[in-house]
Amino acid sequence: MTAWRLEWLRLVRTRRLVALAGVYVFFGFVGPLTARYLGEIIDRFGGGQMTVVVPDPVPTDGIVQFASNAAQIGVLVAVAVAAGALVVDALPEMSVFLRTRMPSAGALLLPRLVVTAAAVGTAYLLGAAIAWYETAALIGGVPAGGMIGGAVLAVLYLCFAVALVAAIGARLRSVLGTVGTTVVVLLAMPLLGLVEAVGRFLPSHLVGAQVGLVTGESLGDYLPAVAITLAVGAALVASAIRATGRREL
Amino acid sequence: MIRTSGLVKQYPSGRALDGVDLAVPAGAVLGLVGPNGAGKTTLLSILAGLRRPTAGTVEIDAERSRVAVLPDAPRFDPWLTGREVVDLARRLTAPDAPEAATDRVLAETDLAEAAGRRVAGYSRGMLQRLGLAATVVGDPEVLLLDEPASALDPIGRRDVLDLVRRMRGTATVVFSSHILADVQDVSDHLAILDRGKLRFQGPVDDLLGTGTSAILVRTRDGTAAVEDALSGAPWAAGVERLDDRVVRIRVTDLDAAERNLPGVLAATGVRVVSIAPDTPTLEDVFLEVTR
Numbered sequence: 001m002t003a004w005r006l007e008w009l010r011l012v013r014t015r016r017l018v019a020l021a022g023v024y025v026f027f028g029f030v031g032p033l034t035a036r037y038l039g040e041i042i043d044r045f046g047g048g049q050m051t052v053v054v055p056d057p058v059p060t061d062g063i064v065q066f067a068s069n070a071a072q073i074g075v076l077v078a079v080a081v082a083a084g085a086l087v088v089d090a091l092p093e094m095s096v097f098l099r100t101r102m103p104s105a106g107a108l109l110l111p112r113l114v115v116t117a118a119a120v121g122t123a124y125l126l127g128a129a130i131a132w133y134e135t136a137a138l139i140g141g142v143p144a145g146g147m148i149g150g151a152v153l154a155v156l157y158l159c160f161a162v163a164l165v166a167a168i169g170a171r172l173r174s175v176l177g178t179v180g181t182t183v184v185v186l187l188a189m190p191l192l193g194l195v196e197a198v199g200r201f202l203p204s205h206l207v208g209a210q211v212g213l214v215t216g217e218s219l220g221d222y223l224p225a226v227a228i229t230l231a232v233g234a235a236l237v238a239s240a241i242r243a244t245g246r247r248e249l
Numbered sequence: 250m251i252r253t254s255g256l257v258k259q260y261p262s263g264r265a266l267d268g269v270d271l272a273v274p275a276g277a278v279l280g281l282v283g284p285n286g287a288g289k290t291t292l293l294s295i296l297a298g299l300r301r302p303t304a305g306t307v308e309i310d311a312e313r314s315r316v317a318v319l320p321d322a323p324r325f326d327p328w329l330t331g332r333e334v335v336d337l338a339r340r341l342t343a344p345d346a347p348e349a350a351t352d353r354v355l356a357e358t359d360l361a362e363a364a365g366r367r368v369a370g371y372s373r374g375m376l377q378r379l380g381l382a383a384t385v386v387g388d389p390e391v392l393l394l395d396e397p398a399s400a401l402d403p404i405g406r407r408d409v410l411d412l413v414r415r416m417r418g419t420a421t422v423v424f425s426s427h428i429l430a431d432v433q434d435v436s437d438h439l440a441i442l443d444r445g446k447l448r449f450q451g452p453v454d455d456l457l458g459t460g461t462s463a464i465l466v467r468t469r470d471g472t473a474a475v476e477d478a479l480s481g482a483p484w485a486a487g488v489e490r491l492d493d494r495v496v497r498i499r500v501t502d503l504d505a506a507e508r509n510l511p512g513v514l515a516a517t518g519v520r521v522v523s524i525a526p527d528t529p530t531l532e533d534v535f536l537e538v539t540r
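Those protein sequence lines, which keep their order, are chains S and U.
Going by the working numbering, the first sequence wraps up at 249, each residue one higher than the last.
Going by the working numbering, the second sequence wraps up at 540, each residue one higher than the last.
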């Protein structure tokens, strides 16, 4: 039993991995399906009393549906799962066990950060792969380069969200408080991004990469946000380790 | 060896430790006692590195990884099995120790049968024993135990105290307890903490006194004849009747008392139930020091 296996067991035995994968896989299936059959769905639930004209779906619609769901509910689930692992002092009697045996706060936090980020990223990639395949099967092919590039940037954003959870969780002892605060910060970023000069530098800009890169934008459009996300993410991790090391129980 | 110098811990609500100078010799088992709020848990937390002192210094003659800590109500991730908890502790504190060490301490803490079960189903007593198993599995040089037997039944308590006693000489142990008889039973050193100040520290014998200065005699037939017979004994400074059948004899010469008392009692014809040294208990001393 190692600290890394401990984190893997945390994901598996608490069924957090199932929740994570389930959400992204579900959206991977449902996104292209709703894009393909949106007209029929509206007709069926409209009861024939009104006519809604829906344009014929194009391949990117399937990815748009997946990406928008993943960016909302998917991120919320990812933040909740991350907080469950990263608020190490939520139960002080429990954290004493590891704090007094780990050589440093970094050794305590890094396995949690890496395993959680890997699980979140893998769940997203799984969902994106399903959405990609199903879109191709139902509507039409989506360029592989844009799809992969967009997925990588979306995973980078999710890793940033996990780092943010770690930094906030190192200062709050409440899992619920950490989830709430993280969500507020993540929601505030797009609002700040409304200022055009700032928006393309914010990590939240990466949320749109999955759609942007399959609809003609270039990777270069996202490089400033990638650089900022990497730098701020690293600072958040360092801050989380420092705050965890300084905290008294 | 553990040594603190001028240790102060100030909380917003008040001062928990006020200039504590503690010295625990290497290999000693030190019982830390004190009333509620005396600062015991704060002192142990600072020694464990879980809290920082406001002032003062702490010296522990061991690497941090060789210092093991057991909180008073240990908790573990409920989805781990008992064996996984102990094995994780072994891997983190003594990675070179064989896996058999995990099974050995599980057996010593009477958890071998429950080792494969998830911790969620453990009782509080089992959690405390599991905590102890996870604490000793790495053969630590320093053990800091906060109320290690508080949740245990009499048999479990005896097992834990035996385990602590066995650590004497191989590890330096500091353990706090409200059960003073336990502390007296297993400790060779004592520290009495009261309102953040150290009222006493040193060997148990120094605190309780090594020599007996009084003897208790319990009879079946009343004590009047015994009191009369002892009134002229040169080694008896006084006889105090504690109740109808018990007298306390203050002695000036213990050797003479031990030689002559049985004969004096036999001569009275009184049926004697017991003769016992009247040494102060830790509880007596504790109440006197902290009152």
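Just so you know, the hints here were simulated from the structure itself, not pulled from any lab data.
Quick reminder that beta carbons are idealized off the backbone N, C-alpha and C, glycines included.
Possibly wrong hints are sitting among the right ones.
For each label pair, taking beta carbons as the anchor points, the in silico distance ranges come out as [claimed, not checked]:
id: 1; chain 1: S; residue 1: G245; chain 2: U; residue 2: P261; range: 19 to 25 Å
id: 2; chain 1: S; residue 1: L91; chain 2: U; residue 2: R444; range: 28 to 34 Å
id: 3; chain 1: U; residue 1: P347; chain 2: S; residue 2: W8; range: 20 to 26 Å
id: 4; chain 1: U; residue 1: T303; chain 2: S; residue 2: V114; range: 41 to 47 Å
id: 5; chain 1: S; residue 1: P143; chain 2: U; residue 2: P344; range: 28 to 34 Å
id: 6; chain 1: S; residue 1: R246; chain 2: U; residue 2: S262; range: 54 to 60 Å
id: 7; chain 1: U; residue 1: R252; chain 2: S; residue 2: R200; range: 32 to 38 Å
id: 8; chain 1: S; residue 1: G245; chain 2: U; residue 2: D359; range: 35 to 41 Å
id: 9; chain 1: S; residue 1: V114; chain 2: U; residue 2: P344; range: 17 to 23 Å
id: 10; chain 1: U; residue 1: K446; chain 2: S; residue 2: V184; range: 25 to 31 Å
id: 11; chain 1: S; residue 1: V184; chain 2: U; residue 2: G365; range: 39 to 45 Å
id: 12; chain 1: S; residue 1: L91; chain 2: U; residue 2: R417; range: 28 to 34 Å
id: 13; chain 1: U; residue 1: E312; chain 2: S; residue 2: R246; range: 17 to 23 Å
Taking the hints in turn, this is what the structure says about them:
Distance hint check for S/G245 and U/P261: the Cβ-Cβ separation is about 22 Å, which falls inside the suggested range of 19 to 25 Å. For S/L91 paired with U/R444, a C-beta distance near 29 Å keeps the hint of 28 to 34 Å intact. Here the CB-CB span from U/P347 to S/W8 is close to 24 Å, well matched to the stated 20 to 26 Å. For the pair U/T303 and S/V114, the beta carbons lie near 36 Å from each other, so the given range of 41 to 47 Å is not met.
For the pair S/P143 and U/P344, the supplied restraint of 28 to 34 Å is violated, since their beta-carbon distance comes to about 49 Å. Checked against the given bound of 54 to 60 Å, the beta carbons of S/R246 and U/S262, roughly 21 Å apart, lie outside it. U/R252 and S/R200 have their C-beta atoms about 59 Å apart, which leaves the hinted 32 to 38 Å range violated. In this structure the hint that S/G245 and U/D359 lie 35 to 41 Å apart at CB holds, the actual value being about 36 Å.
In this structure the supplied range 17 to 23 Å holds for S/V114 paired with U/P344, their Cβ-Cβ distance being about 20 Å. The hinted range of 25 to 31 Å is not satisfied by U/K446 and S/V184, whose Cβ atoms lie roughly 46 Å apart. Between S/V184 and U/G365 the beta carbons are some 43 Å apart, a value that agrees with the proposed interval 39 to 45 Å. At about 33 Å, the beta-carbon gap between S/L91 and U/R417 stays in the expected band of 28 to 34 Å.
Taking 17 to 23 Å as the suggested C-beta distance range, the pair U/E312 and S/R246 conforms, at roughly 21 Å.
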